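Novice: Chain by chain, the residues:
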Amino acid sequence: MRFKLIELKHFLLLISVAGLFLTSCGGNGEGEEGEEKDTVKVDTVKTNLLKFDNTLFSVPSPIQTSLLIKKSGANYNKEMLNVTSALNSYSNNFKKALNLGVYGADLGYVTIYEQTQDAIGYLKAVKKLADDLGVSGAFDAALMKRFETNMGNRDSLLSLVSTGYRTSDKYLQNNERKDVAVLILAGGWVESLHFSINIAKATRNQEVINRIGEQKSSLDNLIKLLQPYYQNEEYTEFIDQIVDLYNDFDGITSKYTYVKPTTDIKNQITTIHSKNDIVITDKQLESISEKVETIRKQIVG
Amino acid sequence: MKKLFVVTLFTVLFGAFTTNVKAQCDTTADMCAKHMVAGFISDGQNYRALLLNQEVAEFHATFFGGSVYRISACSGQSDGNLVFSVFDKERNLLFSNAEYKNAPYWDFKFENTIDCIIEAQLASSNAASGCAVLLMGFKQQ
Numbered sequence: 000m001r002f003k004l005i006e007l008k009h010f011l012l013l014i015s016v017a018g019l020f021l022t023s024c025g026g027n028g029e030g031e032e033g034e035e036k037d038t039v040k041v042d043t044v045k046t047n048l049l050k051f052d053n054t055l056f057s058v059p060s061p062i063q064t065s066l067l068i069k070k071s072g073a074n075y076n077k078e079m080l081n082v083t084s085a086l087n088s089y090s091n092n093f094k095k096a097l098n099l100g101v102y103g104a105d106l107g108y109v110t111i112y113e114q115t116q117d118a119i120g121y122l123k124a125v126k127k128l129a130d131d132l133g134v135s136g137a138f139d140a141a142l143m144k145r146f147e148t149n150m151g152n153r154d155s156l157l158s159l160v161s162t163g164y165r166t167s168d169k170y171l172q173n174n175e176r177k178d179v180a181v182l183i184l185a186g187g188w189v190e191s192l193h194f195s196i197n198i199a200k201a202t203r204n205q206e207v208i209n210r211i212g213e214q215k216s217s218l219d220n221l222i223k224l225l226q227p228y229y230q231n232e233e234y235t236e237f238i239d240q241i242v243d244l245y246n247d248f249d250g251i252t253s254k255y256t257y258v259k260p261t262t263d264i265k266n267q268i269t270t271i272h273s274k275n276d277i278v279i280t281d282k283q284l285e286s287i288s289e290k291v292e293t294i295r296k297q298i299v300g
Numbered sequence: 000m001k002k003l004f005v006v007t008l009f010t011v012l013f014g015a016f017t018t019n020v021k022a023q024c025d026t027t028a029d030m031c032a033k034h035m036v037a038g039f040i041s042d043g044q045n046y047r048a049l050l051l052n053q054e055v056a057e058f059h060a061t062f063f064g065g066s067v068y069r070i071s072a073c074s075g076q077s078d079g080n081l082v083f084s085v086f087d088k089e090r091n092l093l094f095s096n097a098e099y100k101n102a103p104y105w106d107f108k109f110e111n112t113i114d115c116i117i118e119a120q121l122a123s124s125n126a127a128s129g130c131a132v133l134l135m136g137f138k139q140q
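Going down the list, the sequences are from chains A and B. Everything in the first sequence is counted per numbering that gives the first Met the number 0, starting at 0 for the first residue and increasing by one. Everything in the second sequence is counted per numbering that gives the first Met the number 0, starting at 0 for the first residue and increasing by one.
One chain only, chain A, in its complex shape (with noise of 0.2 Å):
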């Protein structure tokens, strides 16, 4: 009688697994009368085939922090940033992964202040890293050539550096390589949070000091992301450090105020009019400042 269970398990899931295959074959499969009687079929064991990643995690771009940077007025500042000569001593992938996202960020902000010499050495730091972790294609010598090109054009620039960070997390995706991907997000993020909050001490931009407050759903988001990784040894410390840190951004209050948005059809764009109000004290400022300080030592050392 099991064994029948069993066989009739395996029945199934060969059936719908055939089902699906078939139905994504089929394009948008539109007045095709049998699709419906095998769409049925496959719902008897789809929700535990198939339905994954279907709740997305957004981690922001580290080069929209470097642009709020640039905006408040903050000078160029290459001493926060982590030295290229660092590279060889990455030896794992673990260390590469996040310092290859330490390193996109950098290479984000040198962009945006314009310093070609110090872009130059960051994008082959991105691409060294890129390459050993196998997502060369990434940032190949297309994009190199052209990145040569467009020196002087900062946002061609910024573009061919984010296009080369979605095409490595679209090669690392369809190569069960999610571990990497995160890691090179939990990196970028670091990195980020970092500029922020040295600027924030140098200037007390209020601007600037709300952005580290802000981050707080960007942390739960990756510390999601981060989560299914946390038996690999190597992650366990990593993430319990920043599971830790998000206990700091928790106290941080905020007051929503929900606003009706205005749509301007003709140009395909709504203006979101609501409010958050942030209140970050300068106590949890200064525990978080130490944390990400410890968490980046860490990580680039």
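For the record, the hints were derived by calculation from the structure and aren't laboratory data.
Covered by chain B, per the in silico footprint, the following chain A stretches (three or more residues, Cβ under 8 Å):
(1) 163–171
(2) 210–223
(3) 271–280
In this text the structure is predicted, and so the values were computed from the model without any measurement. Heads up, the beta-carbon is just placed ideally off N, CA and C, and yes, glycines get one too.
We have chain A already, so just place chain B on it with the hints.
Specialist: Okay, now just chain B, sitting in the frame of chain A:
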């Protein structure tokens, strides 16, 4: 023997299926990327979900004040196959492309930083299953 045959066949079919889905997603993502025109900087990520029937994919994001974002949402091999709606954290509806003929992309100007949830699902008139791709780009005001 029969069991081994079934398991092998399952493995082969499942492998072929996942490869096919990934290829489908890549094609959709490439199509979607065309809506990220010059001026918008990609956030460097690909948001993908495999949807069946009326399944809904949820996407959590923070949008920073003072920025204009472009959200491009695609499925299949042509525009208009994905319905996406943007909600705030209190679930107030801020936008739905269903009101604009399932427009494949839309721009959002955020006056203040807020957390949003984007829901995406296949347009009811189209495929029973498909890869949903969301791409996000931004530009500073």
